[in-house]
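Novice: Following the UniProt record's numbering, the numbering of the sequence shown begins with 1 at its first residue and continues without gaps.
Source of the hints: derived by calculation from the structure; they are not laboratory data.
None of the values given here were measured: they were computed from a predicted structure.
Note that the Cβ used here is the ideal one computed from N, Cα and C, for glycine as well.
Hints are not guaranteed to be accurate.
Label-pair restraints from in silico Cβ distances [what the hints assert, rightly or not]:
no.	residue 1	residue 2	range
1	E90	D223	31 to 37 Å
2	D223	G41	39 to 45 Å
3	G120	D152	39 to 45 Å
4	R139	F102	29 to 35 Å
5	G41	E230	38 to 44 Å
Computed cross-link-like contacts, DSBU-like style, restricted to lysine-lysine with a CA-CA straight-line distance of at most 35 Å [said to hold, decoys possible]:
no.	residue 1	residue 2
6	K58	K149
7	K85	K52
8	K80	K58
9	K85	K58
10	K52	K80
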Amino acid sequence: MSADAAKKSIFGGKPATPARLADAVSDAIAAALLDGRIAPGEPLPAEGEIAKEFGVSKPIAREALRHLTSAGLISTQQGKVARAKEFNGEPLERIYGYAVRFSLERLREANEMRRVIETGIARLAAERRERSGLTVMDRALVEMGRALKHPDGFTDADILFHSGMALATGNTMIRVQMEGMRAVQREVSELFSRRSNRTDADWNATVERHRAIYEAIAAGDPDLAQKQIEVHYEAADIASLEVANKLGEGGRE
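Model the full assembly from the supplied sequences, consistent with the hints where possible.
Specialist: What follows is the structure in structure tokens.
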């Protein structure tokens, strides 16, 4: 941030009202972060400067920064200035991760949520076909092929594929939502990949289902993309029966 820019108000210059002071300050800073007035990696003004601009105390400014840190919009370290972070699904991923690791019911619900959301994502991806997303999906298919019978690598490639599908929509909010669901996808994918009866044909069939989704999206066919994602989830539902039994044996509720 230049010296001239630092002298100007980047938060809108509106003083906070007495009620919910920290919320008012964090809202104004969040707006500056999300509309690009403060770029990812750029430092925020010092705590004292923020307090002065909004006409609040340093403890209020500090609380506002804590709100933004919890939301994943800034990073803070003791003795250093806060810095803007790229808008991402990290906070949502943490919440979903806690939910699905310790409750079979939450895992079932989360996987159902993924099915509903990704059906729409596949359609929009086929309509827009953003090149960056198609490139990521293609790379993920290659990595899946290399990771057959290797659960960790296969799971990483699986997550990469679905991230690419979100990127292909060109929609930032969809990208963030998909990032948030990575914890759910990782939990399910790892369990599926470690099934004791998973055959070579099963591994290859999973890759081919993803390839069919990619080809439908790359061809710009929303109806086929939706059909292929539904086929993929139908196969996953069958495997879920064994996963549910495994989770039950592990003591989840």
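Novice: Does each hint hold? Answer for all of them.
Specialist: Structure-based check of all given hints:
1. E90 x D223: 31 to 37 Å: Given range 31 to 37 Å: holds, Cβ gap about 34 Å.
2. D223 x G41: 39 to 45 Å: Given a distance of about 41 Å, which is inside 39 to 45 Å, the answer is holds.
3. G120 x D152: 39 to 45 Å: For D152 against G120, whose Cβ atoms are near 29 Å apart, the range 39 to 45 Å is violated.
4. R139 x F102: 29 to 35 Å: holds (33 Å)
5. G41 x E230: 38 to 44 Å: holds (40 Å)
6. K58 x K149: Violated - the C-alpha atoms of K149 and K58 are around 55 Å apart, more than 35 Å.
7. K85 x K52: holds (23 Å)
8. K80 x K58: Holds, because 15 Å separates the two Cα atoms, which is no more than 35 Å.
9. K85 x K58: The given pair, whose Cα atoms are some 22 Å apart, holds under the 35 Å limit.
10. K52 x K80: holds (19 Å)
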